[in-house]
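These protein sequence lines map, in sequence, to chains U and Z.
Going by numbering that gives the first Met the number 0, the final residue of the first sequence carries number 532, and the count climbs one at a time with no gaps.
Going by numbering that gives the first Met the number 0, the final residue of the second sequence carries number 59, and the count climbs one at a time with no gaps.
Do not take every clue at face value.
[What the hints assert, rightly or not] Covered stretches of chain Z, as calculated for chain U (at least 3 residues, CB under 8 Å):
hint, region
1, 7–17
2, 24–32
[Stated by the list, open to error] Coverage of chain U stretches by chain Z, computed from C-beta distances (three or more under 8 Å per stretch; other residues unrestricted):
hint, region
3, 83–96
4, 226–235
5, 276–288
6, 331–338
To be clear, the hints were calculated from the coordinates, so they are not data collected in a lab.
Given the structure is predicted, the values throughout are model-derived calculations rather than measurements.
For glycine and all other residues, C-beta sits at the position ideal for the given N, C-alpha and C.
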Amino acid sequence: MNMIFLGFVVILYLSVIAFLGYRGYKRTKSTSDYLLAGRKIHPMIMAISYGATFISTSAIVGFGGAAAVFGMGVLWLTVLNIFVGIFIAFVFFGLRTRKMGHNLDAHTFPELLGRRFDSQFLQTAGGLLIFLAMPLYAAAIILGGAQFMSTTLAIPYEVSLVVFVGIVAMYVIMGGMRGVMYTDAFQGTVMFVSMTILLVTIYSSTGGIVAAHTKLTALAPQAVKIWGGAGHQGWTAMPVFWSPLWQQLVTTIVLGVGIGVLAQPQLVVRFMTVKSGHELNRAVLAGGVFIMMMTGVAFVVGALANVYFFEQTENIALLAAGKKTDAIIPLFIKDAMPWWFTSLFMITLLAAAMSTLSSQFHSMGSAFGRDFLEKGLKVKIKDSITVNKLAMIAAILFSTLLAFGLPLFYQEGTAIIATGTAIFFGLCASAFLPMFVGALYFKRMSATAALASFWAGIGVSLFALIFIHIKESKPLGLCNLLFGTDTLIPVLQNLDPLIMALPVSVITAVVVTFFSKPPSQRVTDQAFKNIKK
Amino acid sequence: MLGFQDWGVTLAYVGTIVSAVICVVYGIVNWNRPREDEESEINEELEWEKNDPELKEGNI
Chain U
0 MNMIFLGFVV ILYLSVIAFL GYRGYKRTKS TSDYLLAGRK IHPMIMAISY
50 GATFISTSAI VGFGGAAAVF GMGVLWLTVL NIFVGIFIAF VFFGLRTRKM
100 GHNLDAHTFP ELLGRRFDSQ FLQTAGGLLI FLAMPLYAAA IILGGAQFMS
150 TTLAIPYEVS LVVFVGIVAM YVIMGGMRGV MYTDAFQGTV MFVSMTILLV
200 TIYSSTGGIV AAHTKLTALA PQAVKIWGGA GHQGWTAMPV FWSPLWQQLV
250 TTIVLGVGIG VLAQPQLVVR FMTVKSGHEL NRAVLAGGVF IMMMTGVAFV
300 VGALANVYFF EQTENIALLA AGKKTDAIIP LFIKDAMPWW FTSLFMITLL
350 AAAMSTLSSQ FHSMGSAFGR DFLEKGLKVK IKDSITVNKL AMIAAILFST
400 LLAFGLPLFY QEGTAIIATG TAIFFGLCAS AFLPMFVGAL YFKRMSATAA
450 LASFWAGIGV SLFALIFIHI KESKPLGLCN LLFGTDTLIP VLQNLDPLIM
500 ALPVSVITAV VVTFFSKPPS QRVTDQAFKN IKK
Chain Z
0 MLGFQDWGVT LAYVGTIVSA VICVVYGIVN WNRPREDEES EINEELEWEK
50 NDPELKEGNI
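Next comes chain Z alone, as it looks inside the complex:
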């Protein structure tokens, strides 16, 4: 198939394309998921920035 000699290589070739397609489909389907935690994390980050001494001292 596809001009290859054995199924081992055919599977590798098709598998390469299928894996990339899975990534594309997954990315599109989950484009906005999960989203529930974003706000709480931004608040947490702001809290750290207020309290974390490392952030205050790091001036370059």
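The following block holds chain U by itself, in its conformation from the complex:
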């Protein structure tokens, strides 16, 4: 790789980021600016920022690598990413969230829920859950970004970690939501251009769309030879129904991540940053195309990498990459793409990590500052923005320390990136999704029901993580320590915790709603003002 060219690209990229962060800083004057970008962000910026936050490095490299193993069935996740993560999220959640957020003058996701259910405790508890659980997800992103920077630029891991976190922290703390969204839009654009080039190259180098797929289909015996016992039937076929591979693909990868996106605090808050409903409708257009070009392309490239490597080395992608799933996409880029693209792709991955991390920092900071300290504990320091800035610094330090510590506990550092992401997505969906739907659509839903489903979602999720889902229960070791076995229910050991926790949380919300006092008319009238049935 040409280091001079890479250095030039990195400096150019960082200069643009610094400029946009500074612009965000100069334009931030109030709490509303700091937390919601003044509620006046352009729909295209909002859409790309939403997409770039949604898509992290692990979505491209981690899940792209997974596609090289599971095959094109992973594209069901892209269908959900677009249809649930963009279309349903914007049209059925976004429009009402924006309107209700406006009616209730809410600045964060927990604040929206707290005000809608007239429960200060809900806001405080929601804020605390985000502050405590999100660092795991943030640490996973930091770990991925820092490891990647460290290998690319040949610098020690600790140095790259500090530099990586430092740059993002700077523009998030100073520029608030404006800084985050302006830089996201730029980072998203870099990602879009890069993935477009990748898509065109992969199909042209493997003989065209149908020819490429046919070549991959012909390689099916290679996949069956290795994973046939677990249910693999080839890279262009779904695994055998209910086989271990099918369960992992459908429950963890497709449903876990696909549905979990609906109740992500860092994404929900973006609905409140645009000034009117039709801007959200416009954002659907850009958002759908953007996500297709991110995970869609990453999964197609991951799966087709098998064709490329088999033609070159007579080995499938996983074996060519030394059995490391996360190494497949980078190796393909290095071997199959022109030299200048390698540098562009590095920047793309850096952009993907930074755009996700910046929103995580912002969400954790506002959850801890605004929801927990300011509204829950009634802490008052100088002014609201200062509280949020200090809380953000605390959240950044917390997740950075976690990122320093994680590799010490868990040698397979890359596996924890995907695990950390999946745990956070599942936990958020189980704790927040039923009450979020209730908040937007069911006036009858009470604060008691919201809180009951919140605790039920967290409780079942944690129980499943510690005692059932073997992927986490085994490394955690608590189940083995107490009961002498890695899982209490072997038949459910491959089922994602979300699949167990979300139904329990939904049922709890419905049942408790019928047995509890309805919320006051005053609050629901205010929340649902100008919202059509």
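Starting from the known structure of chain U, arrange chain Z on it as the hints suggest.
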């Protein structure tokens, strides 16, 4: 179809493109909808800015 082995993957591939097309069509059709609430919200925002203490104190 499309060189794939089974319908499960074919549907996923086509579904990806169809979902994105739905988003594009929806965005174009609803480009200016809903629009009735914009003015009232701007007024509401101006009212908040006058009364909300948080907005006054937040200087950086």
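Of the numbered hints stated previously, which ones are contradicted by the structure, given in increasing order?
Structure breaks hint 6 only.
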